[in-house]
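Participant: Counting in numbering that gives the first Met the number 0, the sequence shown runs without a single skipped number right up to 142 at its last residue.
Mixed in with the good hints, there may be bad ones.
With a straight-line Cα cutoff of 30 Å, these simulated DSS-like cross-link-like pairs (lysine-lysine) come out [said to hold, decoys possible]:
1) K48 - K77
2) K77 - K127
3) K127 - K81
4) K81 - K40
What follows is a list of derived Cβ distance ranges for each label pair [claimed, not checked]:
5) S51 - L97: 33 to 43 Å
6) E120 - R94: 12 to 22 Å
7) G42 - G90: 17 to 27 Å
8) T88 - F111: 14 to 24 Å
9) Y57 - R94: 19 to 29 Å
10) P134 - M76: 13 to 23 Å
11) Q89 - R140: 30 to 40 Å
12) G52 - F111: 35 to 45 Å
Source of the hints: derived by calculation from the structure; they are not laboratory data. The C-beta atom is built at its ideal place from N, Cα and C for all residues, glycine as well.
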Amino acid sequence: MSLLHAAGGGSIRAIPLFGIFRARRRAHAVPARGLFLVNVKVGRGCSNKLSSGLAGAYVSAYVTAADADAATRLAIMKLTSKGFEFLGTQGPVSRIELEDWPQHIAQSWPEFIDELPQQGELAAAISKDTVFFGPFVGYERSA
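All chains should be built: construct the whole structure from the sequences, respecting the hints.
Facilitator: This is the structure in structure tokens:
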């Protein structure tokens with residue numbers, strides 16, 4: 000008689016352990032493209048778009064991209080292609096949901112509502128990389 004039977008253990012049966020020791024694969028959802036706000040500080044560079052007394056500007060870049068990093072790269076590329084010198088980002092890059100766009104513009108740039116894209120235009124542009132800018136707020140050279 001086996002020890003298990005003597006101790007009242009009953010019969011032995013194998014329990015399949017299929018896959019118990021394999022690393023589980025987690026499905027990582029690919030983040031949906033979105034609209035991102037990248038606040039940027041630029042220097043004059045070789046751009047002639049700023050008045051002569053200004054050393055540079057702060058600008059809000061609105062970018063449709065795959066993620067925040069791609070949005071930042073696109074904003075920098077677009078600004079430097081216009082002749083500005085990239086000096087840095089200001090604060091974190093944030094995502095703006097399309098349904099929040101009208102409220103964002105009404106709060107941030109109410110005097111420029113007619114100059115910035117409408118919600119429908121953004122929805123149409125979300126599938127491709129697009130960059131547009133809010134107003135440039137210039138700063139003077141420090142003494």
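Participant: Please go over all the hints and tell whether each is borne out by the structure.
Facilitator: To see whether the hints hold, each was checked on the structure:
| no. | hint | in the structure |
| --- | --- | --- |
| 1 | K48 - K77 | holds (14 Å) |
| 2 | K77 - K127 | holds (15 Å) |
| 3 | K127 - K81 | holds (20 Å) |
| 4 | K81 - K40 | holds (14 Å) |
| 5 | S51 - L97: 33 to 43 Å | holds (39 Å) |
| 6 | E120 - R94: 12 to 22 Å | holds (18 Å) |
| 7 | G42 - G90: 17 to 27 Å | holds (18 Å) |
| 8 | T88 - F111: 14 to 24 Å | holds (21 Å) |
| 9 | Y57 - R94: 19 to 29 Å | holds (20 Å) |
| 10 | P134 - M76: 13 to 23 Å | holds (20 Å) |
| 11 | Q89 - R140: 30 to 40 Å | violated (19 Å) |
| 12 | G52 - F111: 35 to 45 Å | violated (23 Å) |
Of the numbered hints given earlier, the model fails hints 11 and 12; all others are met.
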